[in-house]
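**Student:** Given the sequences, and given the hints that come with them, work out the whole structure.
Note that the protein sequences, when read in sequence, are chains Y, G and W.
The C-terminal residue of the first sequence carries number 286 in my numbering, and the numbering is unbroken.
The C-terminal residue of the second sequence carries number 365 in my numbering, and the numbering is unbroken.
The C-terminal residue of the third sequence carries number 290 in my numbering, and the numbering is unbroken.
You can trust all of the hints, since none of them are fake.
Computed cross-link-like contacts, DSSO-like style, restricted to lysine-lysine with a CA-CA straight-line distance of at most 30 Å: (1) Y:LYS273 / G:LYS130; (2) G:LYS177 / G:LYS119; (3) Y:LYS248 / W:LYS133; (4) Y:LYS110 / G:LYS208; (5) W:LYS225 / Y:LYS273; (6) Y:LYS110 / G:LYS20; (7) W:LYS187 / Y:LYS5; (8) G:LYS130 / G:LYS107.
Quick look at which bits of chain G chain Y covers, simulated, 3 or more residues with Cβ under 8 Å: (9) 77 to 84; (10) 98 to 109.
The set of hints was computed from the structure by calculation and includes no laboratory data.
Here the structure is a predicted model, which is why all the values come from computation and not from measurement.
Idealized CB from N, CA, C, for every residue including glycine.
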Amino acid sequence: MTQSKQLMGRAFIYSLLLGFAIIYLAPLYVMLVTSFKDIEEIRTGNILALPNTLNFSAWSKAWSTACTGGDCHGLAPYFWNSIRIVVPSLVISTLIGALNGYVLAQWQFKGSNFLFGALLLGCFIPFQVILLPMAKLLAWVGLANTVPGLVSVHVIYGVAFTTLFFRNYYVAIPNELVRAARLDGAGFFAIFWHVFLPMSTPIFVVTVIWQFTQIWNDFLFGVVYSGPGTQPITVALNNLVNTSVGGKQYNVDMAAAIIAALPTLVVYLLAGKYFVRGLTAGAVKG
Amino acid sequence: MGAINIQNLTKSYADTQVLKGINLDINNGEFLILVGPSGCGKSTLMNCIAGLEEITSGDLFIGDDNVTELSPAERDIAMVFQSYALYPTMSVARNISFGLEMRKYPKHEIEATVQEVAKLLQIEHLLNRKPSQLSGGQRQRVAMGRALARSPRVFLFDEPLSNLDAKLRVEMRTEIKKLHKRLGTTIVYVTHDQVEAMTLADRIAVMKDGVVQQFSSPYEIYNDPANRFVADFMGSPSMNFVDCVVFNDKLVIESAGQRDELPIPNSEALQASGLENVILGLRPEMITEPKPYKESTYITHMQLAVQVTEPTGPDTLAFGEWNQQEIQARLSPEIGVQAENHSTIDIQVDTSKAVLFHPKSGERI
Amino acid sequence: MLRYLERSLPRLVLAPTAIAMFVCMYGFIAWTAGLSLTKSRMLPQWEFVGFDQYARLFANPRWHVALDNLLIFIALFIGISLVLGLLLAIFLDRKVRAEGTLRTIYLYPMAISFVVTGTAWKWILNPGLGIEKLVRDMGFSNFEFRWLVEQDMAIYTIVIAAVWQSSGFVMAMFLAGLRGVDESLIKAAQLDGASVIQTYWHVILPIMKPVFFGAVVILSHIAIKSFDLVQALTGGGPGYSSDLPANFMYTFAFSRAQMGLGAASAMVMLAGVLAILVPYLYSELRTKKV
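**Tutor:** Here it is, written out as structure tokens:
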């Protein structure tokens, strides 16, 4: 009696979990199959149907010849733009965040907690409120519509998060370590280098993944602060989808969308554990 | 040399003064223990000596050098922390050698020192391990090794044994004492454990509320406490305190329904004070079963109504009342068993080491 | 001198961040606030007109549509994400097989950008060839599903896509919370005779209150900032029927050269975020100190 009831319960749980798994996977599946179909197949078949043949023409078109607004070189140049934006932003904001977190957690001074609070609040500001003055500032220093300009923007607003991550990681480390190292004759940077950096691998991974997905997926800063030659891939994808030259090409749209999503998806699959940790750390801990 | 001279040292955080004018003169090679309840400022004082906290006012000398303004690294001090503070990513060997490395010692010298220290502390087989692979006692040894490696002028120990289990703590205590005998380096050692303080120290500084209450040898601290706080804090089980009326230079005690008068040493001071009420301080071991071979003018025979007994093994603590205040007596185990059954027993009270305190201020009379 | 430098090192290291923060966050907010009180259009011009821009903003029907949309979006997006996330977390926590794989599947949309999400759902919800056609092909030839192009319904497509993307994240937060619940508490509840559902309702969920609040704060933060999803999925359309405040701000500040108005709308957004955030942070900090 109770056993069959328990069995029913398990079956219910599993079918529900599996059902949702299918729902969550469906869009990705639809994107994939659509990207391999030709236009005729899309028009006659339904979105769930498998493609008749594996047709890569939509992919090559999305990569190298599709039109994104004015020009028609595909997503490739914008893919590299994104890399040129992401890598320096990521490296700089992570390093600054590590040092900031080290100071805020282990070298507190009068007012350092206030600074941290102000920075924390900055993580939550809707960026719309800084868009206009930032545009002015970038124009004023001559960085409007440039990659360095976008990198600076990502660094400035990313540092709040990276600092938060590192601060929360380092704050759990007893201050006695710093004290011991100071008695051993090590200074501020020597302690960071010899004592703290070697134990920071997990938090570096978390932070790098977080910053990578944030900056790669950014659309707002990209669309506001980039020029025709410096747009990141998200902006280019949006342009590609909304360019209606010669009818909608859903297969190309989907291939382009997958290309734009691929780097972050790969990172997620390879280091999902750290990705989750970054999300929850960036989210809940204050 | 490693003599430490602390002059009028104060330390304040914002509005609260945690150290209120500390003066201590510690001899070279001395084993000094700072003891007191938590929050008394003993750890702050140690951090000030180390240079990890800035001094608000006053001066600090190590040897002949005024080190008040020097950084921790320049003071030539090594410290053993309560949590050991071993660098988690470094091997034991590198933990020990890190201080030498930072001071740019030549490589062969560093290696030789590590070997020497490891041998002294019997941790040679652990040199390649990481701190996380060590037991509590082994970590403790490594932490000491790190301090020893630099052969500094002064060692600071910040409650180094409090994370060990009881048995290991006693072992390590002996070992630290041996080490001190062998090296002869000045040690300042913070603890809240008064047994540790009594067993290890050449001299003890008892602290409370940022003030040194008494600074003298363990013997004097135990037998000649400066005030009621010191008397209460040092010694386990702690001293009995009984409010008494003074009568003819003697103290009136009511016990088991009878009235007794206890003679006290140094009654001149009591007379001079003119007090009619005092607090009698008497250690439990001075209240025992009658011991005929111990007769003297300060022995009084009386009775005690025993309420509870606590056998500890070598002797049994018996709880009773004097002047309606709880006191403890220290009985032999055999008498202890009897006391359990007969609620009232014969006792002898030895007041040769009794101390008297002012009923209001708690100062010694 | 050297010693002074050494002592100031922590301050020096933090200085660039502090300066950037005060200029580029708080300074810029002040700048935007100032701008919202001027009649700036193409270029900033510092002729103050008081709260005229705010008056214009709230007289603008498009702004009201954006605000109404935001309310619908916040309520549904947060409500559905919380229920779904909690449900999935509770079931995943029942010691199921392949938990890791399932978790990965629920969470992967979070790694994807809103632009990609919008693009994908735009295709799936496409009236001519998407779900509508799928269901019709299955034999329901009168089935209609054209929310994407219906003025009143377009905002709900944004809810669907946003829930798909973010509910896995809520699941991860709740799962982490559930794993943090003391096992002995559950055993105690069982000994007290509570059923599984009673245990969750009376014992476990009350413990998870902070996770609830945390999730609500983050989801509303995502909701108020969402801009890319609307841009990619509906473009704010049909017409401006699915605009959110963020899109309103972008359109007026950058496409329509109405800086003052855009600044005013941004300030209202900031006020909205602060209205949620300040009580949350206040309660967080207070409980931490006690």
